[in-house]
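Student: Protein chains in written order, with our numbering: chain A, 23 to 184; chain B, 614 to 1079.
If you're looking for bench data, these hints aren't it; they were derived computationally from the structure. Computed from a prediction, not measured in an experiment: that's the story for all the values here. Check before you lean on any hint, since a few could be wrong.
Only some residues are given here: those of chain B computed to face chain A with a beta carbon under 7 Å [what the hints assert, rightly or not]:
| hint | residue |
| --- | --- |
| 1 | Gly667 |
| 2 | Gly675 |
| 3 | Leu680 |
| 4 | Ala755 |
| 5 | Ser890 |
| 6 | Glu1021 |
| 7 | Asp1025 |
The beta carbon of each residue, even a glycine, is placed where N, CA and C say it ideally should be.
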Amino acid sequence: MAKVTITVNGEARTVSVPPETTLLKLLREHLNLTGAKLGCDVGDCGACTVIVNGKSVNSCLMLASQVDGFDVLTIEGLATTDQLHPLQTAFEEKGSLQCGFCGPGVIMSAKALLDEEPDPSVERIRDALAGNLCRCTGYSKMIEAVQAVANSVNSHPSVKSA
Amino acid sequence: MEKKTVVAEKSAPAQALLESVELELLRAPALAPLSPLPLEVLVPEARQQTPAVGQRATRPDGRLHGLGQTKFIDDFYLPGMLFAKIKRAGVASARIVSIDTKEAEAMPGVVAVLTGAEIPCNSFGPSLKDQPVLADTRVFHAGDGVAAVAAVTEQIAAEAIEKIKVEYEMLTPVLDPLESLKLETPGLHAPNPNIYGHKVIKKGDIAKGFAESDHIFERTFRTQMVEHVPLEPHASVATWDANGRVTIYSTLGRITLGRSDVARTLGIPMSRVRMISTIVGGNFGGKNEITTEPVVALLSKKTGRPVKCLFTRPDEFISSTTRHPLIMDYKTGVSKEGKILARQIRLVLDGGAYCSWSETTLGKACILSAGPYNIENLYAEAFVVYTNKTMTGAMRGFGAPQVCFAYESQMDDIATALKIDPMEIRLLNAFTNGSLSPTGQTLHSVVVKETLIQAAQRFGWNGAPS
Ligand code: FES
Ligand code: FES
């Protein structure tokens, strides 16, 4: 068993897991954070995307013990009880998701991008979402949603901290 | 005692009401319009733009999706749940000589092993019941399951299926659908022939049509196999209650069909099977029939614990259904102006190892194969054949996209050869209101030409008629 201590969505957690446990399994099966999804288990689809120390990663490709001491943000950590994250609002309003399976991963990739680059071009958005496959939507409404948030972040800098 | 008929006579109060109230009044809408409207406004008009077109639609579940709170099948856990994995044959065509599961069974953490021989009724399918749940005597394609393991962790189950030894007597696979079409090719599912579906549509006289044509175009078009790749893999969870009822949670889109297939394969009445469809993470036609459901049900029965099986991505590619590859021979006779006078089509659908939704696909592909064009003389024939490949089944459009690729490509060939604008040749031949479909149905609300013209104008096609 490997002992792993991480900060998940702002909360420190310590878990003992079998050494082969991936970060995805750690989150889903040990911490009950099922927002990140398993789509392929080999780093191809992006359904498992979470943010580790500010960078978006495929959590199926990281071992839990690799994130020991790290800061992990999952889709569950974006909204507060009374407020959605602007990306979540935009995805809802623009109807960006259909079956929704890819959604948490896509939103986390978009969040990592906006944190780094508040005013990305469409090319940059496409690039940031390139690792997130969606079989339902065709991506255009997701890109619109990310653009809408980028614009609102720029016109209201206060949203930035959300 | 005599049973009362359901269609009873009108009750006395209803009768009284009918007598006392003018019938006209009963037909009036419950809410009167604010101002009297001319009646024709209420008649739905074909081709009238509905207000929904161009509006943004949001989904009631959109917020939960974005929050990561939508619960898919893999997002819940039942106490004591075991994990199942299915061993795939890995060979396209073989006879199974023996299956040795001893080593797998002896592994710590393995709770039960299941083989095809233990399945009460080892066959299912939406039309032909030609598919085994787990292959027991014969392997028809590399993705066939040959055994399954339930273990306390997924990891152990995955290791255990590697320990199962299957001895095969290799057979020569039939991989080319045209080979399979030949009558001398031995039937894969003997005594049944390889051609398991056939359809012909005849209209007019093609010999006459070709004789009158100024040009005849012939070409073969082929499409490839396509996997649906739903982002959420197929999965199911089964659990039995003490009364001998099984509850199956499943990613299936067609649970009623799934329920009858499960009942059949388990050999129990449908009333003993409860199917719960979980939120589906993408279907596209690929989640239309059972896959792991009877396996988890039987493993759960053996172990007395809930059992879950989640397809791996490779499982998804090799053992779920795919889109039919088609070989499409088109022969089209046209006048020098480009009017289609005769068309002869032969479609060969590669059905893969099992029938699945081939019959539906065959019918739809054949009916649509002539395209949305007025063709007086038509002969369309379609065959679906078995091959030792991943089975083909339902996928968005059931054969319609494949034939569309063929007939539209040929329209372009003809336009190029005759130096006609590709738009023009389509406008010359396209269906209009009242056109007859290849099967003789009068078509209404036809706006092919209007749509083409508008689309061409909007994207600035230079040949667009203004
Ligand atoms: S599950 Fe991690 S990339 Fe697909
Ligand atoms: S919404 Fe279904 S996969 Fe993206």
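Student: Against this structure, judge whether each hint is valid.
Tutor: Verification of the hints:
A cut of 7 Å between beta carbons decides the hint on B:Gly667: the least distance to chain A is about 13 Å, and the hint is violated. For B:Gly675, the suggested interface contact is upheld, since its CB lies about 4 Å from the closest CB of chain A, less than 7 Å. The beta carbon of B:Leu680 comes within 6 Å of a beta carbon in chain A, closer than 7 Å, and the hint placing it at the interface holds. For B:Ala755, the interface hint is violated, since its Cβ never comes within 7 Å of a Cβ in chain A; the closest pair sits about 20 Å apart.
Contact between B:Ser890 and chain A, as hinted, is not supported at the beta carbon level, the nearest pair being about 13 Å apart and thus beyond 7 Å. This hint is violated: B:Glu1021 has a C-beta 21 Å from the nearest C-beta of chain A, more than the 7 Å allowed. Here the hint on B:Asp1025 is broken, as its CB sits about 25 Å from the closest CB of chain A, past 7 Å.
Hint violations for this structure: numbers 1, 4, 5, 6, 7, all remaining hints satisfied.
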